[in-house]
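Chains B and C: place on chain A using the hints.
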Amino acid sequence: MELILFLVFAGIAVVAAINVVVQRHPISSAVSLIAVMGSLAVLYLLLGAEFIAAAQVIVYAGAIMVLFVFVIMLLNAGGETKAGRSFVASLLGVPVLVALLALLAFFTARIYPRDTEVHFGGFRGGTAQSVGRALFTTYLLPFEITSILILIAIVGAIVLARKELE
Amino acid sequence: MMGHVPLSWFLMLSAVLFSLGVAGFIFRRNIITMFMSIELILNAVNLTFITFAYQRQQVAGHLLAFFVMVVAAAEAAVGLAIILTVFKNRETLNIDDLDSMKN
Amino acid sequence: MQLWLIPILPLAGFLINGLFGRRFSKGLVNAFAIGSVVLAFLWVLKTLFGLGGLTAAYTEHYFTWIQSGALSVGCDFSVDRLTAVMLLVVTGIGSLIHIYAIGYMAHEGGYYRFFAYLNLFMFFMLTLVLAANYLVLFVGWEGVGLCSYLLIGFYFDKKIATDAGNKAFIVNRIGDFGFSLAMFLIFRQFGSFDFAHVFAQAPAAPVGLLTLIGILLMFGACGKSAQIPLYVWLPDAMAGPTPVSALIHAATMVTAGVYMTARSWVIYTHAPIAMDVIAYIGIATAFVAATIGLAQNDIKKVFAYSTVSQLGYMFVGVGCGAFSAGIYHLMTHAFFKALLFLGAGAVIHSLSGEQDMRQMGGLRAKIPWTFGVMLCASLAIAGFPFTSGFFSKDAILLAADHRAPWLYWVGVFTAGMTAFYVFRAFFMTFFGKYRGKEHPHESPPVMLIPLVILAGLSLVGGYLFKIPDFLRPVFPAVEAPEAFGPMAVASAAGLLGIALAYLMYVYRPGIPDSIASGAKGLYTLVYNKYFVDEIYDAAVVKPLVGGSRVVLWKGFDAGLIDGTVNGIGARAKGIGGVLRLAQSGNTRSYATWIAFGGVLVIFGMAAMIVLGGLR
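Residue numbers (numbering that gives the first Met the number 0), protein chains in the order written: chain A, 0 to 165; chain B, 0 to 102; chain C, 0 to 614.
Think of the hints as simulated: they come from the structure by calculation, not from any bench. Possibly wrong hints are sitting among the right ones.
Examples of chain A residues toward chain C, derived with CB under 7 Å [claimed, not checked]:
#1 L91
#2 V95
#3 V97
#4 A98
#5 L99
#6 A101
#7 L102
#8 F105
#9 G155
Here the structure is a predicted model, which means the values were calculated and not measured. Backbone N, C-alpha and C define an ideal beta-carbon position, used for all residues, glycine too.
If we strip away everything but chain A, and leave its shape as in the complex, we get (with noise of 0.2 Å):
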């Protein structure tokens, strides 16, 4: 049961996070990356990550995504046009994804062996209580200064974008 919900949507995912990539119409890009972040909010579930997949679906797929293709309608940008003139990315860029994927795969295999499995509900500790509960106890001056760094986001969010109108 699992294992077919895994191998679904991670395929979902490897599919769509392909497609982020290799769509040259940002708005395509956009709906894909909103497959990859919705099939990741279903592996999180699987996880026992309860509330971070409800987070997932609402701060991510919802707020971030939607200003996302708010911004590619307002600028109402097209396709790219010209061809790439980066001599170091076109160099080193293959060779250097190729390799970044294989010691990441090196590491997990050497690592993180076949010991573990995953099974639903074998991880009960992400209910939005427990999440809660730690974010107000032991992570209360964290939490606090994110509420800071999204005020101060705002703030600048507003200037620049006011800057445009006039």
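Okay, now just chains B and C, sitting in the frame of chain A:
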């Protein structure tokens, strides 16, 4: 035990998504697409956090993922505002045209 | 008794005029500048009457200024009879000169600036005089030096004035170096800067050390009081406005060295060698400066060298142990030398800036008041019987006679020369026929009234204020008994000098030229001030400047330091030139490099795991 998924598969998926994100960032020329690639990278990292939280049976990983989301939200707001400004000033979204930091 | 009020009043005047004077009318500037000084004078009077006999020092502690380890320096003011004399001289003469300056500076630019500096000078001078320890005294000492510099260079658009200011400042630095060393030694030996503490322990200190301290202190005094070898700045300092010459470079600041030496009398009485050095330097300065004064034609230069000479007298007095005689002469000198300068200023003012005595003459009838007061001052400095200079100079000469007869005879000879050159200037200015072009006019009353007051003090001040009696509680009584013989000889020398001057410059005006052509070598030598400036220039300034230019500037600064810095800069530029190729400005290139770096790091970790078995 059939039906159960090895933990390392999640990590492997994360690695694949991460690499795809990097690929998008390196090879795409549209700023907005590059920005979305960054979001993809962040999601890949979040997946590892959640996975490790499962393995260690601790909620701390979830909180890290939560904070990553918060930062991503802030980053998206400011980043998109910057993209707006850049577009209004330079009339382009092609990253290769925006090289005024040259030399 | 609120001693702090005495210096603070002029400081307030300085601040008000310095900050806002530009917008004030002249009357308002006058009100603050002169008002503050006169108030300070009145406060001095009130304080001194309030303190009564003042047989012991009265000290006020305000706050601890420096507290560091064993060093504890308080901001303390103290008054004893010596300070009282100085306070009265500084504020009294200072007030008169301030009033005089209203008239003298009336047509000058920078009016408020002048009075602000003058008030600042009063503040520092009073701090110097009131200080109860060496460090506070040093603050005043440096402060008056600063004001002297500012006021000498008051006409800052004239190069000669700014050069003279620099010269005064630099020469004083040399003296201050000695003063600083003396203070270090004092702290090392006594662990304190307080006068009371130091003087209480001084008798127990080793004589060698006291001698060293005394000579170093004297070196500082030589700079401030223009003694050999550091006297060269004072004649040049006459480039400043005449009231400044009178106040700072004749009456008060230059006597600070004498005051400081007298203040340190306990150290000197236990270091006889240092006292001898002071006496010898004083008599040499008195003599040399007097000979230079014989041949000067600039009226202010004559009085400048006369000041140097008279300061030499004070040093002789101090060096002979007659501290009170030195202070006595300090006071009377303040009277008559201030008057001489102010009178000279009045002459210059009436001739619209002419200072060369060869362009004067016959002014007796044209500016009679100035003539009258100048006569009083000249008589006083010549030691004419029963004028103020007569008493104080005789007190010094008697002490010198008591110490060593040759000192006395050189002093008497110098007194004769003094009388001669002062009256030479006097006769050249006021007698004979007028040789100039300007139309002379008498000075306004605001200038004449201070002159008349000072003239009175010059005539009878020595008799009214018997300083040696007044200072008896302060200094040990080592004065020689009054002797009629030496007094008569000294007075006769003065009268002889006057007579000779009359003979040569009024009765037979041809004589000076024939002497000058007869003894040409000697005349040239004296006229050019023994070429001391030229010798210093060749021996000190030129090698220093040349050495600085060749070794320090070209060799060390330009070659080594600049070379190193420029070399590093050039290398950095070269390396940067290579590295800047990586800065393409292309974001995707940067991203690739970042990913490449990340791969390298992960690869390193993987290698460590494989090879070393990390984890």
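Cross-check of the supplied hints:
no. : hint : in the structure
1   : L91  : holds, 5 Å
2   : V95  : holds, 5 Å
3   : V97  : violated, 9 Å
4   : A98  : holds, 5 Å
5   : L99  : holds, 5 Å
6   : A101 : violated, 9 Å
7   : L102 : holds, 5 Å
8   : F105 : holds, 6 Å
9   : G155 : violated, 20 Å
Violated hints for the displayed structure, listed by number in ascending order: 3, 6, 9.
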